[in-house]
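Participant: Next come the chains, spelled out residue by residue.
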Amino acid sequence: MTPNPYLWLVPLLPLAGAAINGFFGRRSSRKAITAVALVFCGLAFLLAVVIAARFSSASAPYYFNLAHWLRSGSFQVDFSFYLDQLSLVMLLVVTGVGFLIHIYSVGYMWDDDGYYRFMSYMNLFMFFMLTLVLAKNYLVMFIGWEGVGLASYLLIGYWFTKDSAASAGKKAFIVNRIGDFGFLIALFLMIKHFGSLDFTHVFAAVRPLSPETAGTGLLTAIGLLLMVGAAGKSAQIPLYVWLPDAMEGPTPVSALIHAATMVTAGVYMVARSSVIFERAPTAMMVVAIIGTLTALFAATIGIAQTDIKKVLAYSTISQLGYMFMACGVGAFSAGIFHLMTHAFFKGLLFLAAGSVIHGIGGEQDMRKMGGLRLYMPWTFATMGIATLAIAGIPPFAGFWSKDEILWKAFNASWVYWLIGVITAFITSFYMFRLMYMTFGGEYRGAVVQQAHGHDGHDAHGHGQGHGHGEPHESPWVMLGPLVILAVLSVVGGFVGYGNRFEHFLAPVFQGAMEVAQETSHEAVDHTLEYLLMGVSISVAVLGWLLAYLLYSRHPQLPARIAAKLDGLYQAVAHKYYIDELYDALFVKPLIEGSTTILWHDIDQGVIDAAVNDSADAARHVSDNVRHMQSGNLRSYAGWVAAGGAVVIAYMIWMGVR
Amino acid sequence: MVPLSYYLVLSGILFACGVLGFLIKRNIITIFMSIELMLNGVNLSFVAFAAHWHALSGQVFVFFVMVVAAAEAAVGLAIIIAVYRTRETLNVDRVNLLKL
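Line by line, the protein sequences are chains A and B.
Every number in our numbering is 215 more than the matching position in the first sequence, counting from 1.
Every number in our numbering is 1 more than the matching position in the second sequence, counting from 1.
Simulated from the structure, these hints should not be mistaken for laboratory data.
Honestly, I wouldn't trust all of these hints.
Stated by the list, open to error - Partner residues are not named here, just some residues of chain A that face chain B (Cβ under 7 Å, in silico):
hint : residue
1    : 846
2    : 847
3    : 852
4    : 853
To be verified - A short, non-exhaustive set of chain A residues, derived as facing chain B with CB atoms under 8 Å:
hint : residue
5    : 848
6    : 849
7    : 856
No residue lacks a Cβ here, since even glycine has one placed at the ideal position from N, Cα and C.
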């Protein structure tokens, strides 16, 4: 039945690579490590391509059962994989972009001491991510879900000797736990009510149910809890705070995990559960509102950031918001479409940013860049393409997917559309601001700086041999992936031309077809669609123009505007003090409570006290009793005789009674 | 026929003498003899009961006690000789190293 008998090999290949590099990498040469990491990851990609080539929509979905896992009465969970149009798209994106970023990492991380560790973690991440997208039931998906969280933690804290990196890793892990809590409760609800976690069983049980219009009910609860999980993993309000900090990791990690793949897992999960969400309108609305708000909110923060990776991080959050907005209005395929194009252009943006950081010796502050178009033309060109793509300028990839989302959002409610368009304007503005600050004007960094200490955020240890006299272009092992991703960012959007992408995914989102049909007779009015398209293009161009005026024509203007809007600017630059708010609301009380109540009162006051006091008592008693052991034989004999006398006396007394 | 109680009283007196000797004497040899005295006091009560109840098990038990006593005498005397060789005394009050 299945033409893809090796489906299970796709996730296991990177696992083998991770194991080999993890166990033997310490003693292997860098070339051997590179070979292992790239070969196993590349094989997974090749296999994915073969599977895609032999994929036929007619007989999808394919199943593959690897092994039994849990058997408990009628409830059973297997290690089984599932391949349909949706997981095929994810499979190709993850392996393809992942492989490119692996290649790039070779150049970027070559001089790092923990090279083998890095490559092993990257492969491990690939394994878990592929498990996540290929899972046939929620529990296997959950393994992947937790696993990518683990890999993310390991890679954010990769430079663990740095305090900020170590705590960023912990922050990511802990914030994700909050989301996972929601996800887990949703799974428990499914087990309780459907007796299964298998996609096919759960969806078959859900399909006959009618939509819960009252706003309460089982499906709404499951949907909302799943959304909590997705908000944690995909950095949505209110759990987005970990993603900007995650930029402490090496830049390839930011590209792979925190832009292209892992953070989109939440979108994938919501899309996968579309059957549930369609029958829970309240949950759908929450998804849409959270997505829309996150898109706008994160975009505004992105305006005032000066760290090149932080801008991209907030941009990622904002774009993820778009995807959730799409899912929330029922346009799941548009969300997945944007997920794909976003993986291309945001992966490219991060890799290009990494190339910039690499080229100027670990500096991430855009105020110390500038003029780099002359020094690194390839990076400039590819990053320019990615910027055009994310800004939504046709015919680049981002335009197609973003326009699709905005059109679908408009059909749901003009409010979503309006906020989406405003966000598109801001997106275009901050991305071109980034371009002008980085590549335009004159180089503002210190050029003659031979013995520079790598005290930048991205202290990748490649400063041993060559001092950074002046910015230089990156090696081809890094530029190659940039160019390929740039090509994808240009042409990637055309798969959505004429709704082909939507039709391809249609079988997965059968329920969503009702929504699509609703819109199709509306869509007869093409003028409206073209009008909206024009609006979104013009706001993108407007954002570009504004960035050009402020950061290229009159570079002194932004500072003056910032000074004039001091309070607002400070609030935005400090990310609306959300971190401080969370700190005061949750972290401080938790630490205070743990310190005073749990640590001092309970741990030291009750548990430690009980143990220590009983030990003290035992010592006190034995201190007195030990004098019995005098070493004098006759005193021992006396004790024995006295004991015997007591026993005899007792027996006599008992006998008398 | 001598009543059973006479034997038991004699046995108790023998045992008490043994205990008393064990407690008040300082010479190891004497203490050792006191132990033998206690054992024989017990032996006497065993045979007395065995004769009184016409049960063989008491007499069998006496043999066991004798065997143990013989073995104990052999080991005990060897230990006493060893102690004497190293400490050059048989006063138990001075053989008191085994303590805190």
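Participant: Now, for every hint given, state plainly whether the structure supports it.
Facilitator: Hints versus structure:
With a least beta-carbon distance of about 3 Å to chain B, the hint placing residue 846 of chain A at the interface is held under the 7 Å criterion. At about 5 Å, the closest approach between the beta carbon of residue 847 of chain A and any beta carbon in chain B falls short of 7 Å, and the interface hint on this residue holds. Because the smallest distance between the Cβ of residue 852 of chain A and any Cβ of chain B comes to about 5 Å, under 7 Å, the interface hint for this residue holds. Contact between residue 853 of chain A and chain B, as hinted, is supported at the beta carbon level, the nearest pair being about 6 Å apart and thus within 7 Å.
Satisfaction of the interface hint for residue 848 of chain A is found here, the shortest Cβ-Cβ separation to chain B being roughly 4 Å, below the 8 Å cut-off. Residue-level restraint check for residue 849 of chain A holds (minimum Cβ-Cβ distance to chain B is 6 Å; threshold 8 Å). Against a cut-off of 8 Å between C-beta atoms, the interface hint on residue 856 of chain A holds, since the closest Cβ of chain B lies about 6 Å away.
Hint compliance for this structure: every hint is met.
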